[in-house]
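Enquirer: Construct all of the structure, not just a fragment, from the sequences and the given hints.
In mature numbering (1 follows the signal peptide of the UniProt record, and there is no 0), the protein residues as written are -17 to -1, 1 to 468.
Hints listed in this document are in silico derivations from the structure and should not be mistaken for laboratory results.
Keep in mind that the hints are not guaranteed to be accurate.
Unchecked claim - Lysine-lysine pairs mimicking DSS-like chemistry, simulated, CA-CA at most 30 Å apart: (1) 246 <-> 262; (2) 156 <-> 52; (3) 184 <-> 374; (4) 377 <-> 88; (5) 236 <-> 246.
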Amino acid sequence: MHKLLIALLALFAGATAASHQQQPILLQNDQQHENDLEFKYSRLPQVDAWTVLTNSKFPTYSVRVRERKGEICDDVKQYYGYLDVDESGGKHLFFWFFESRSNPKKDPLVLWLNGGPGCSSLTGLFMELGPCRVNEGGNGTTKNPYSWNKKTNIFFLDQPVNTGYSYTDGDGKEVDTSIAAAVDVYAFLQLFLQKYSQYAKLDFHLFGESYGGHYVPAIAELIDQNNDGAEVPINLKTLGIGNGLTDPLVQYKYYADMACDDKYGKSLTDEECDTMRSKYGTCSSLIKPCYQFQNAFFCAPGALYCNQAMLSPFQQSGRNVYDVRMTCSALDCYPILKDIEAFCNRPDIQDMLGVPERQYVGCNQNVNLRFLTAGDWMRPYQRALPPLLEKGIKLVVYAGDADYICNWIGNKAWMMELEWSGQEEFNAASDLPWTSSLTQKETGEYRTFGPLTWLKIYEAGHLVPYDQPAAASDFFESWIEASRD
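Expert: Below you can see the structure in the form of structure tokens.
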């Protein structure tokens, strides 16, 4: 996350203890290799009018879009703009699409979502797996040689509303559950793909990080439920969840095990871990009613108690919840986050992208709090996955082994408890070493059966594509290639 939550840390440290046609000149380094291409912006391009997309089946939705090439971040064709929702005031969700650097007419289509809830997917774009990374101080961008658009067309979407560049008009309706957020995402895909039909029949892959463990199942389920009668059927091939929160009842059980895991040195004493384990009984007793009734009354108490019980002790150790190898606060551990905010708050960049003047923050605590108090955190979104697996839609869950907040132990555990026809075979499968073809080093271990794959990546925290960019790119491209018809 930044993503399962810088906002969470502040929230629970306080609140729960008591109860974010003219083109610009492109300047290149002396080296002309494409991986060294650097984009700086010395003057604004001419701003074209928006192209507006509508669909009678989605009468309250429209999409504003502009097309550019090579003006910012990468030299491929790009579309960016807003999904506009005209209901109870207005809400506007920002998106940015990049064509593949290889074969955009045939390469698959990917939607990437960061987590939070309330954390911008531009973090994924500019810090992790996007076509470029923001330079120090936010004065420009440099092409990312490990971008996931090397062989895929990829969307980055700021959702739910009020995340990143997304915003509401006055009293515009906000969402507070992953299911409600999925409705907006689905409408966006339908409107965009109806207009740009060259992408509509491509294989579609849905990837999310952190709270994406909620978003991905919810969106995938909605796509699947509507595909038969859809004007634009979506060719959903695979799902990917990176260091996600998907099955809280199982995952919260393993925080103590991660805190006392000694690979990178224990974060807590054995006594402190035993105390955490003793609190899981109360935690689970609060989550179970949420799994049955799935409303705020039954779900919010578990989120409040369990996060305080399982996260606060680790926070007090001084280690980074996103990477146990670091002894620093989350923001201080990743100075690039401040560079991204500086870049995204530049008036020239906002004007170029058609963003109304506003303060960009990487994670919006208000969005996070809405989802928390609505009870969305503890809902069992893993239940959406078995029907998809039975249809042959593949799922990969990957996790860096140094993450605490959505750690590998809990992620592997919920996969093994997932009830589907291949559960017994998946659980009996061996964990095999995984060697990256790019680094020629053993970089992790994996387990697979049928459509389900587990991957643990060594020497990576919560943000796998940031900590291990080559390995992440390698695994992603291999996964995509293996899913082709």
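Enquirer: Compare the structure with each hint and give your call.
Expert: Status of each hint after checking the structure:
Proximity of residue 246 to residue 262 is assessed by CA-CA distance (about 24 Å); at most 30 Å being required, the pair is judged to hold. The suggested pairing of residue 156 with residue 52 is violated, with an alpha-carbon distance near 34 Å, which exceeds 30 Å. Restraint check for residue 184 and residue 374: the C-alpha separation of about 19 Å stays at or below 30 Å, so the hint holds. Straight-line distance between C-alpha atoms of residue 377 and residue 88 comes to about 23 Å, which keeps the hinted pair within the 30 Å bound.
For the given pair, residue 236 sits about 19 Å from residue 246 by alpha-carbon distance, which is consistent with the 30 Å threshold.
Checked against the numbered hints given earlier, the structure breaks only hint 2 and satisfies all the rest.
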